[in-house]
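Q: Listed below, chain by chain, are the residues.
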Amino acid sequence: MPYLIQDIINKKLNKLGYGKIKGYKIGCTNEIIQKELSIDHPILGVCFENKIIQNNSNLCLKNYIKPGVECEIYVVIKEDITSEIFNDDINFDKFISHYGVSLEIVENRFKEFKYTNAELIIADGSLGNSIIFGNKVKNNSFVNLNELNGRIIINNKEIYCNNASSILGNPENALKWFFNQMIELKKVIKKGSYVSLGSITPLIWIKEPTKVKVSIDNIGDCVINFVK
Amino acid sequence: MNKENLITALISSRIYQIPFKINKDFQIDSIKDALSYSRYN
Numbered sequence: 001m002p003y004l005i006q007d008i009i010n011k012k013l014n015k016l017g018y019g020k021i022k023g024y025k026i027g028c029t030n031e032i033i034q035k036e037l038s039i040d041h042p043i044l045g046v047c048f049e050n051k052i053i054q055n056n057s058n059l060c061l062k063n064y065i066k067p068g069v070e071c072e073i074y075v076v077i078k079e080d081i082t083s084e085i086f087n088d089d090i091n092f093d094k095f096i097s098h099y100g101v102s103l104e105i106v107e108n109r110f111k112e113f114k115y116t117n118a119e120l121i122i123a124d125g126s127l128g129n130s131i132i133f134g135n136k137v138k139n140n141s142f143v144n145l146n147e148l149n150g151r152i153i154i155n156n157k158e159i160y161c162n163n164a165s166s167i168l169g170n171p172e173n174a175l176k177w178f179f180n181q182m183i184e185l186k187k188v189i190k191k192g193s194y195v196s197l198g199s200i201t202p203l204i205w206i207k208e209p210t211k212v213k214v215s216i217d218n219i220g221d222c223v224i225n226f227v228k
Numbered sequence: 001m002n003k004e005n006l007i008t009a010l011i012s013s014r015i016y017q018i019p020f021k022i023n024k025d026f027q028i029d030s031i032k033d034a035l036s037y038s039r040y041n
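Sequences listed follow chains S and Y, in order. Using my numbering, you'd call the opening residue of the first sequence number 1 and step up by one each time. Using my numbering, you'd call the opening residue of the second sequence number 1 and step up by one each time.
The shape of chain Y in the complex, shown without the other chains (with noise of 0.2 Å):
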């Protein structure tokens, strides 16, 4: 997952009703790496 696709899934939570989705251990590094990412861009 990268920054665009975690912001894109956290809007559409919030406007659509569409619950954020986590369901795998791996998961949860990608969404690190996005939020990490974004403190350097």
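Okay, chain S solo, but in the shape it has when bound (with noise of 0.2 Å):
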């Protein structure tokens, strides 16, 4: 199971100065991303402490191999989930402390990409580098993650702007995956961990010195500025 190499790399990566496991990153949560990396399903990822970047970062490009970005929203999570806790009827309000949007930094690793696979995308992290988490809002239960919008902004322009029901027609469809993933991979979910649920918009690959600006009407925005 990919999934039993990718804890192997964490474990390691984890001593080789990544830190500790803060947060997770699900990927492959809309149908262009799916079709770009000939995906059909939801991938995991980790977001290790020391992956985690201030907003308003400058970053060199030569750090990555082929760096992309993505707008997301992230929930935090409110209390251990386990198995005994958690099924599929359940009110994810319950489980939602905070949300806000995250600039997830991925990076394509592969020399040729045509020639991967989701397994061996899964062993590798799932494409994920590092991550940008807005300000945190405090869940309430009015709000409704389906209605919001989020933006992509490339060097002052905006690219594109979805609603979020682009993450599996639901963000919370993304967490239920998530929560049974876990389970199945016999995790528990700890209290305050980060989730970071998913792209809302197309992922767009960086080739040269860029300013991303990623935002979410009413809830906030990050920006990382790729410099050579």
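Where hints are given, some of them may not hold.
Distance windows between CB atoms, simulated [to be verified]:
(1) K15(S) to N2(Y): 15 to 23 Å
(2) N2(Y) to K11(S): 17 to 25 Å
(3) N135(S) to E4(Y): 36 to 44 Å
(4) T8(Y) to A118(S): 19 to 27 Å
(5) N50(S) to N5(Y): 20 to 28 Å
(6) K78(S) to N2(Y): 38 to 46 Å
(7) I15(Y) to N218(S): 35 to 43 Å
(8) T8(Y) to M1(S): 18 to 26 Å
(9) E208(S) to I15(Y): 22 to 30 Å
(10) F92(S) to I18(Y): 38 to 46 Å
Simulated crosslink set (DSBU-like; lysine-lysine; CA at most 35 Å straight-line) [to be verified]:
(11) K21(Y) to K66(S)
(12) K187(S) to K21(Y)
(13) K11(S) to K138(S)
(14) K21(Y) to K62(S)
(15) K228(S) to K21(Y)
(16) K3(Y) to K62(S)
(17) K3(Y) to K176(S)
(18) K12(S) to K211(S)
(19) K35(S) to K3(Y)
(20) K176(S) to K114(S)
(21) K21(Y) to K35(S)
(22) K21(Y) to K12(S)
(23) K3(Y) to K51(S)
(24) K186(S) to K176(S)
(25) K138(S) to K157(S)
(26) K22(S) to K12(S)
(27) K15(S) to K176(S)
(28) K114(S) to K3(Y)
(29) K3(Y) to K207(S)
(30) K187(S) to K35(S)
(31) K12(S) to K3(Y)
Derived by calculation from the structure, the hints in this document are not laboratory data. Built from N, CA and C at the ideal position, the CB exists for glycine as well.
From the two separate chains plus the hints, produce the assembled complex.
A: Below, the structure is given as structure tokens:
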């Protein structure tokens, strides 16, 4: 199972300076990205403590093989979640303490992407590299994640604006998939974990110095500058 | 490719920015073997 390989690699990366696992990222949650990667289901990776980037950072392109950016929604888990307390009918509001906008930096680390497959990409860490978590908004029962709109702005020009329903029809579906996946992997989801639910917008590959801004209306935004 | 080689290659791509090379079809089967091997070991 490729997640076992990913686990082994994550433990080694932890010792190599990546730090603890602070959260998770769900990938391949919208149709455009699924087509681009030729994967027809969501995939899971982790967010390492030392790969969480401050908002408005400058990043050197030379430190990446082939970086890409995505506008995502993240949630913070309110309490430990185990198979004993989770079932498909639960109210997800109960398990979310905060939410916000995240800017995920993915990385294609494969020389020839056409030879990859879903299992290899999962073993690789689901293309994860680093992430910015924007300001946290306290969850209340009035928010409907499905009504949020996300935007990606490249060099001050808006490239895409999509509704959050592009995430598996509803971001809650991504969260439900994540809970089920973690339970299948026999893992506990710890209180305070960050979970980036997947991209609202298509994946944008970055090839040259670029200013990237992602935003979700009325929630916040994240900015990074890729420099030489 | 065995499981250890696969893990080393994937880590090297992270740490040293060395792209993971697969340039021949037979390597896909080799990688599949390494991934399935991990289910039982």
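Q: Decide, hint by hint, whether the structure agrees.
A: Outcome of the hint check:
no.: 1; hint: K15(S) to N2(Y): 15 to 23 Å; in the structure: holds, 21 Å
no.: 2; hint: N2(Y) to K11(S): 17 to 25 Å; in the structure: holds, 19 Å
no.: 3; hint: N135(S) to E4(Y): 36 to 44 Å; in the structure: holds, 43 Å
no.: 4; hint: T8(Y) to A118(S): 19 to 27 Å; in the structure: holds, 21 Å
no.: 5; hint: N50(S) to N5(Y): 20 to 28 Å; in the structure: holds, 26 Å
no.: 6; hint: K78(S) to N2(Y): 38 to 46 Å; in the structure: holds, 42 Å
no.: 7; hint: I15(Y) to N218(S): 35 to 43 Å; in the structure: holds, 39 Å
no.: 8; hint: T8(Y) to M1(S): 18 to 26 Å; in the structure: holds, 19 Å
no.: 9; hint: E208(S) to I15(Y): 22 to 30 Å; in the structure: holds, 24 Å
no.: 10; hint: F92(S) to I18(Y): 38 to 46 Å; in the structure: holds, 40 Å
no.: 11; hint: K21(Y) to K66(S); in the structure: holds, 14 Å
no.: 12; hint: K187(S) to K21(Y); in the structure: holds, 32 Å
no.: 13; hint: K11(S) to K138(S); in the structure: holds, 32 Å
no.: 14; hint: K21(Y) to K62(S); in the structure: holds, 19 Å
no.: 15; hint: K228(S) to K21(Y); in the structure: holds, 25 Å
no.: 16; hint: K3(Y) to K62(S); in the structure: holds, 29 Å
no.: 17; hint: K3(Y) to K176(S); in the structure: holds, 31 Å
no.: 18; hint: K12(S) to K211(S); in the structure: holds, 32 Å
no.: 19; hint: K35(S) to K3(Y); in the structure: holds, 28 Å
no.: 20; hint: K176(S) to K114(S); in the structure: holds, 30 Å
no.: 21; hint: K21(Y) to K35(S); in the structure: holds, 22 Å
no.: 22; hint: K21(Y) to K12(S); in the structure: holds, 21 Å
no.: 23; hint: K3(Y) to K51(S); in the structure: holds, 26 Å
no.: 24; hint: K186(S) to K176(S); in the structure: holds, 15 Å
no.: 25; hint: K138(S) to K157(S); in the structure: holds, 30 Å
no.: 26; hint: K22(S) to K12(S); in the structure: holds, 16 Å
no.: 27; hint: K15(S) to K176(S); in the structure: holds, 31 Å
no.: 28; hint: K114(S) to K3(Y); in the structure: holds, 21 Å
no.: 29; hint: K3(Y) to K207(S); in the structure: holds, 32 Å
no.: 30; hint: K187(S) to K35(S); in the structure: holds, 29 Å
no.: 31; hint: K12(S) to K3(Y); in the structure: holds, 14 Å
When the structure is compared with the earlier hints, no violation turns up for any of them.
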